[in-house]
Amino acid sequence: MPKPRPTASCVPTSNSRLGVSLPPPMEHRQHVIHIWLMLLPALLLLLAFTHWPVVSTLFDSFHSTPKGVRASVWVGLDNYRVMLDDPVFRKALANNLWFAGVTIPLSIGLALVMALWVNERMAGRALLRMAYFTPTVLPMIAVANIWLFFYTPQYGLLEQVSGAMGLPAQNWLGNPTTALGAVTLVAVWKEAGFFMIFYLAALQGMNPSLREAAAIEGASRWTFFRRVQWPLLMPTTVFVLVNAFINGFRMVDHLFVMTRGGPDNASTLLLYYLYEVGFSFWDTAYASAITVVLVAILAGVALLQFFVLDRRVHYQ
Amino acid sequence: MKRKTFLQLTTLKTIAACALLTGAAGQLLAQTPVEVQFFYPVAVGGPIAKTIDGFAADFMKANPQIKVTPIYAGSYQESIVKALTAHKSGTPPVTSVLLSTDMFTLIDEDAVVPFDNFVKTAQDQTWLKGFYPAFMQNSQTGGKTWGIPFQRSTVVMYWNKDLFKAAGLDPNKAPANWAELKNAATKLTQKDASGKVSTWGVQIPSSGFPYWLFQTLSTTNGAVLANEAGTAVRFDDPKVVEALQYWVDLGKSGIHPPGVVEWGTTPKDFFERKAAIIFTTTGNLTNIKANAKFDFGVGMIPANARRGSPTGGGNFYIFKKSTPAQQQAAFEFIRWVTQPERAAQWSIDTGYVAVSQAAYDTPVLKQYGLSFPAALVARDQLPVAVAELSTHDNQRVTKALNDGLQAALTGSKTTAQAMKDAQAEADRILRAYK
Numbered sequence: 000m001p002k003p004r005p006t007a008s009c010v011p012t013s014n015s016r017l018g019v020s021l022p023p024p025m026e027h028r029q030h031v032i033h034i035w036l037m038l039l040p041a042l043l044l045l046l047a048f049t050h051w052p053v054v055s056t057l058f059d060s061f062h063s064t065p066k067g068v069r070a071s072v073w074v075g076l077d078n079y080r081v082m083l084d085d086p087v088f089r090k091a092l093a094n095n096l097w098f099a100g101v102t103i104p105l106s107i108g109l110a111l112v113m114a115l116w117v118n119e120r121m122a123g124r125a126l127l128r129m130a131y132f133t134p135t136v137l138p139m140i141a142v143a144n145i146w147l148f149f150y151t152p153q154y155g156l157l158e159q160v161s162g163a164m165g166l167p168a169q170n171w172l173g174n175p176t177t178a179l180g181a182v183t184l185v186a187v188w189k190e191a192g193f194f195m196i197f198y199l200a201a202l203q204g205m206n207p208s209l210r211e212a213a214a215i216e217g218a219s220r221w222t223f224f225r226r227v228q229w230p231l232l233m234p235t236t237v238f239v240l241v242n243a244f245i246n247g248f249r250m251v252d253h254l255f256v257m258t259r260g261g262p263d264n265a266s267t268l269l270l271y272y273l274y275e276v277g278f279s280f281w282d283t284a285y286a287s288a289i290t291v292v293l294v295a296i297l298a299g300v301a302l303l304q305f306f307v308l309d310r311r312v313h314y315q
Numbered sequence: 000m001k002r003k004t005f006l007q008l009t010t011l012k013t014i015a016a017c018a019l020l021t022g023a024a025g026q027l028l029a030q031t032p033v034e035v036q037f038f039y040p041v042a043v044g045g046p047i048a049k050t051i052d053g054f055a056a057d058f059m060k061a062n063p064q065i066k067v068t069p070i071y072a073g074s075y076q077e078s079i080v081k082a083l084t085a086h087k088s089g090t091p092p093v094t095s096v097l098l099s100t101d102m103f104t105l106i107d108e109d110a111v112v113p114f115d116n117f118v119k120t121a122q123d124q125t126w127l128k129g130f131y132p133a134f135m136q137n138s139q140t141g142g143k144t145w146g147i148p149f150q151r152s153t154v155v156m157y158w159n160k161d162l163f164k165a166a167g168l169d170p171n172k173a174p175a176n177w178a179e180l181k182n183a184a185t186k187l188t189q190k191d192a193s194g195k196v197s198t199w200g201v202q203i204p205s206s207g208f209p210y211w212l213f214q215t216l217s218t219t220n221g222a223v224l225a226n227e228a229g230t231a232v233r234f235d236d237p238k239v240v241e242a243l244q245y246w247v248d249l250g251k252s253g254i255h256p257p258g259v260v261e262w263g264t265t266p267k268d269f270f271e272r273k274a275a276i277i278f279t280t281t282g283n284l285t286n287i288k289a290n291a292k293f294d295f296g297v298g299m300i301p302a303n304a305r306r307g308s309p310t311g312g313g314n315f316y317i318f319k320k321s322t323p324a325q326q327q328a329a330f331e332f333i334r335w336v337t338q339p340e341r342a343a344q345w346s347i348d349t350g351y352v353a354v355s356q357a358a359y360d361t362p363v364l365k366q367y368g369l370s371f372p373a374a375l376v377a378r379d380q381l382p383v384a385v386a387e388l389s390t391h392d393n394q395r396v397t398k399a400l401n402d403g404l405q406a407a408l409t410g411s412k413t414t415a416q417a418m419k420d421a422q423a424e425a426d427r428i429l430r431a432y433k
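Which chain is which? The protein sequence lines are A and B, in order.
Its first residue numbered 0, the first sequence is counted upward by one per residue in numbering that gives the first Met the number 0.
Its first residue numbered 0, the second sequence is counted upward by one per residue in numbering that gives the first Met the number 0.
Pulled out of the complex, with its shape left as it was, chain A reads as follows (with noise of 0.2 Å):
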């Protein structure tokens, strides 16, 4: 059920409206470089800090890397063809593949579960919300330090908890079948609390003779939810999920405390072995090729989804 998207009405359509006649030639060009004089700063910070950047990486990407008196030479696809037989870039991305598709589903899918629960009237209320959001106000960095010492064999806490139920040890991090579902887990509870935040708000915005309708109509809690808050809230889900796919490939500084992409790059994920090729390996022009491929991938899913998702959502 497509409906118009709201116009931004608060901007005038025509200047007739606010009862102001058009302005004469001169003055109306002083008021377009008057506009423009007020976009330049932002579009110059864009322009300089993510636009040049992105065209420069991927001129970068088809030449060699500058090493010491050698200068950058066009290698054209070169680049590319190293990638396509770097056995770990490939277990990078299938790894961040791995790590997206389980963290997206499952932190998008707990956030929504916390947030029908927070939003209940019940005692204690505020005190679980903000115990659901305080993951996301710590630093990751201090977040993996806390989660190294979880599962830490013999007395980290997960092995306490496991040990009790007479389960046997684990060396969760040192273990390439659980290493990456260990870093994993640790990214869905860091994000879960944030996209809660969004949804708790979305709960809170709608109107709550909704609900008294459907109580009159005798519709069950179930049907309430997926017949009414569900739809409602398929804009904040288009949102999250945005921000879940961008943290999915973006969410790597916990591997730096935690694995460093170990054992053996089971937990290496993408951007993490693009830090390595780009600052331990010095090799810019591999990193510059990586790093393409990366904006490919985060460019093709933004686009899919803000074209072809955002059309099946119901605004309001």
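Hint data in this document are derived by calculation from the structure and do not stem from the laboratory.
Every residue, glycine too, gets a C-beta built ideally from N, C-alpha and C.
Some hints here could point you the wrong way.
Among chain A residues calculated to face chain B with C-beta under 10 Å, some are [to be verified]:
1) 67
2) 72
3) 151
4) 159
5) 160
6) 162
7) 170
8) 173
9) 262
10) 263
11) 278
12) 280
Since chain A is already given, all that's left is putting chain B on it; use the hints.
The following block gives chain B in isolation, referenced to the frame of chain A:
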């Protein structure tokens, strides 16, 4: 019209002012001291920044014609990122303390100058020869000296004397060789009623930079991982595979934790009595001294074919893109700060190994050694210590080894296969430098 005149006037005035200022600056420059920007990393606990600032202030008091500006640059990794990025943009620091293993990277980037040009007098020669040879292995290549040892460390063994006593071992006698280490670790390993291990006999960390810890085993087994020119490695040497097999077997015998062991939590595992013997840096000595609630010992790495351990830590480098006057000033600061008295003070304040025998001969460090003999173990190990693994394209080559080590330790590859793969990858990377 009026506005235009005003603008013109302003422009003229600005130009005039600029010209005046430049002239003034030129005159000022002749009188101001040579400024030396100095990047330093902080990799261990303690008031490092305060000590460094104190050194700079003392140096400037003695040498008013030089102005040293110490700049804290983060961890070792962050420091080299900052220094190299600054170099690439044309304005590097004049000098910086960076990892000794970064030598080849800095040479390849054409970022640093050798110290040989500055060592002129016989006194300078004596100073350069005064450093422990073990530290100079990572500071010299191709007959030139590229780094001056400053904050250096090495891997040593720590053991819990209480647990030794409980296991019926002599608490004052550390395992001296591989066989003794394995025996002791077997006796030290404790299990609870359900058969779960509550204390591991020995623990060698393997996260992040396992190659460094592995060098304690490969070196004692008589292997050398890389050549002096940094252009070839021997990861698939049977002695290397054998050393790795020993490490893997410790885990298989159930006396060493399985999988990859976290470097960061290893000291804590030791405090918690979860590991009876650990291998870690001398840099942790102060930390362990402060936190271990039991009597502990510090010893050399157990021998096999020979004794040995890798060195680690940071060297001074002088950057190419600075003026000769600045480079000379930096050299004078470096020579001053590595004099025995300063090196001794630095060692006591930080826990780093003093870089010359002369420093250990100073009264202050002698006194400290008497009151805390554990601090001298690193020094005693230095005569048998070897260079930390370092080659051209260093981080990539060490990553190849790290991945192989972790693959073997987690059981996803056999030791021979893991080292064969690491060798192939390293050969591929080093092709360009042959």
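Violated hints - listed by number, lowest first: 2, 4 and 5
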